[in-house]
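Starting from the given sequences, assemble the full structure and let the hints guide the process.
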Amino acid sequence: MGKRKRYINRPLGDKLLDIFLYAVAVAAIVLCVYPVYFVLIASVSSSTAVNSGQFLLWPKGFHLTGYQFVLENKKILTGYYNTILYTVVGTALGLSFCIPAGYALSRKDLPGRKLIMKLMIFTMYFSGGLIPTYFVVKDLNLINSRWSVILMGCVSVYNIILIRSFCESSLSEELLNATKIDGCGNGRFFFQFVIPLSKAIIAVIALYVAVGYWNSYYHAMIYINDDTKHPLQLLLRQLLMTANNATDIQDGELAGEYLKQVQVVKYAVIVVATAPIMCIYPFLQKYFVQGVMIGAIKG
Amino acid sequence: MEKERRPGSGGALQKRGIPWKRNLRLARQNWALYVMLLPAVVMIITFSYVPMYGIQIAFRDFNFADGILGSKWTGLKWFRYLFRSAQFWPIVRNTLVISFYSLLTFPIPIIFALILHNISNMRFKRITQTITYLPHFISVVVVVGMIYTFTSYNSGWINTVIEALGGKRINFMAEPGLYSHIYVWTGVWQEVGWSAIIYMAALTNSDPELHEAAMIDGANKLQRIIHVDLPAILSTVLIMLILRCGSIMSVGFDKSFLMQNNMNLSVSEVISTYSYKMGLQNSKYSFSTAVSLFNNVINFTFLTVVNSVTKKISGSGLW
Chain Y
1 MGKRKRYINR PLGDKLLDIF LYAVAVAAIV LCVYPVYFVL IASVSSSTAV
51 NSGQFLLWPK GFHLTGYQFV LENKKILTGY YNTILYTVVG TALGLSFCIP
101 AGYALSRKDL PGRKLIMKLM IFTMYFSGGL IPTYFVVKDL NLINSRWSVI
151 LMGCVSVYNI ILIRSFCESS LSEELLNATK IDGCGNGRFF FQFVIPLSKA
201 IIAVIALYVA VGYWNSYYHA MIYINDDTKH PLQLLLRQLL MTANNATDIQ
251 DGELAGEYLK QVQVVKYAVI VVATAPIMCI YPFLQKYFVQ GVMIGAIKG
Chain F
1001 MEKERRPGSG GALQKRGIPW KRNLRLARQN WALYVMLLPA VVMIITFSYV
1051 PMYGIQIAFR DFNFADGILG SKWTGLKWFR YLFRSAQFWP IVRNTLVISF
1101 YSLLTFPIPI IFALILHNIS NMRFKRITQT ITYLPHFISV VVVVGMIYTF
1151 TSYNSGWINT VIEALGGKRI NFMAEPGLYS HIYVWTGVWQ EVGWSAIIYM
1201 AALTNSDPEL HEAAMIDGAN KLQRIIHVDL PAILSTVLIM LILRCGSIMS
1251 VGFDKSFLMQ NNMNLSVSEV ISTYSYKMGL QNSKYSFSTA VSLFNNVINF
1301 TFLTVVNSVT KKISGSGLW
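Which chain is which? The protein sequence lines are Y and F, in order. The first sequence begins at 1 in the working numbering and counts up one residue at a time. The second sequence begins at 1001 in the working numbering and counts up one residue at a time.
Hint data in this document are derived by calculation from the structure and do not stem from the laboratory. All values derive from a computational prediction rather than experimental measurement. Be aware that one or more of the hints could be misleading.
EDC-like mimics (lysine to aspartate or glutamate), calculated; alpha carbons at most 16 Å apart, straight line [what the hints assert, rightly or not]:
id, chain 1, residue 1, chain 2, residue 2
1, F, 1021, Y, 109
2, F, 1125, Y, 18
3, Y, 74, Y, 226
4, Y, 114, Y, 174
5, F, 1077, F, 1061
6, Y, 108, Y, 174
Here it is, written out as structure tokens:
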């Protein structure tokens, strides 16, 4: 653009349009940032200010009572521990299931791959539904077991397709044939060539899977009754939802004290639960486009 | 395998043999690939196909004592029960209202991508992108929590602003009339930046020479956006539209369930939440399965129709 400016006089309409484009972008930034910023300042404001909603741009006072509550609350700490456990184990398992499967399905010399692919895609659009799935989990004795949450979220057909498309487009057959002649078997080829060459897609998928585990509450809500195994999001749900009708609390004095703090605590818990992902995603951003593009080739 | 056939056309026939023999040879050669597939396939069979076998309880009177196979067949009893129940039309209507309303917001990420693409300051463009991805990574629990606290009658900042501007406080989450707007527009807020990625990527293919030619012909920037940029991403737009249409009857459980309260239940109860409540809260296992099967079949039919139509028009579909 810079070069053109020198010899083409930009019409007034273009300048106005440019102003409009920038205005929209700035508006989008404000809309995305402000709610998050508000949560941040609310989490350190005084509880009275938060309860009456009397601030918009700067925190009123500076208190860490919300965070203190979070750090002292056994339940929240256990929830945090559970979330990390589910995320780490689930992501590791998910990757180690999906990457080999995606690669295998990308190989044109694998008899039956089309059928397997079709059967996998079918499950994206048709499922047994809640109750039949629940019965299967029950029959496997996984109700109330951490494995239910880990296993239910770990294999995603969509991710397998992403990996397959990536391998099809970026691993050349020549490389495979050349290494075959040198006596390299499928297993060694996978570990020595496929994984190092697919780092970008692995990063994207690891992010997808990890965010999925970190943010989900559904499987835990359905399959786990024991609240020492609940992840943070489920606790957050209880805190955020039930406290809206906090009249549930019978003890008058305690309820008063609790109610005074509860809003601030909510904000603090939101910050604690969301911060890790907020800190990680900007660094993986350059891979997103690649991941989304590959996904679009064969939805 | 193409390559193996080529050298020496005479030997190739012998080498290739009859198809199943060749496949057997390839399968034996590539046994390691099947091992790689195994874990994922086992998981999919266990958690997707075995439950499909359990769908039959939608046609039975399930009780735990008799198990799936021992329970009495009831034919279409549960479906008749569903279609006649007073809840049926409200939940179908709520589901359709929310999904069609969401579908209407489909062009927003496209417009956003077009706007972003035409911002000439690269740094600013990148920063805007990074920041608009942010809501995508916030969990649905937190988003709904934010909705509740921000719109709270007494302490929400939105009401603080409304009052400061001279308006009256509104109890947003207790107004059935506002529910679908809140649901859909918070969804737009979460996904607009993320959904724009794919269009941004498609836009990088828009031809700079066409832009220059249009400029020489005296087209202004807006005209170039409409006549050069937009056609460049049209095929991507079409694919995304098909994908969206395929899930028209599936309104996500997670967000609806969290946004429900006693005041808005008349508009917030959708098929997925209803099925959950019937199944796990009221223990009507067979009925709940029938409800989700009904939803599943409609979705699947819709997708198949959309897919075959696009296959006819554009020659390529999802499968």
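Violating hint indices (sorted, rising): Of the numbered hints, just 4 does not hold.
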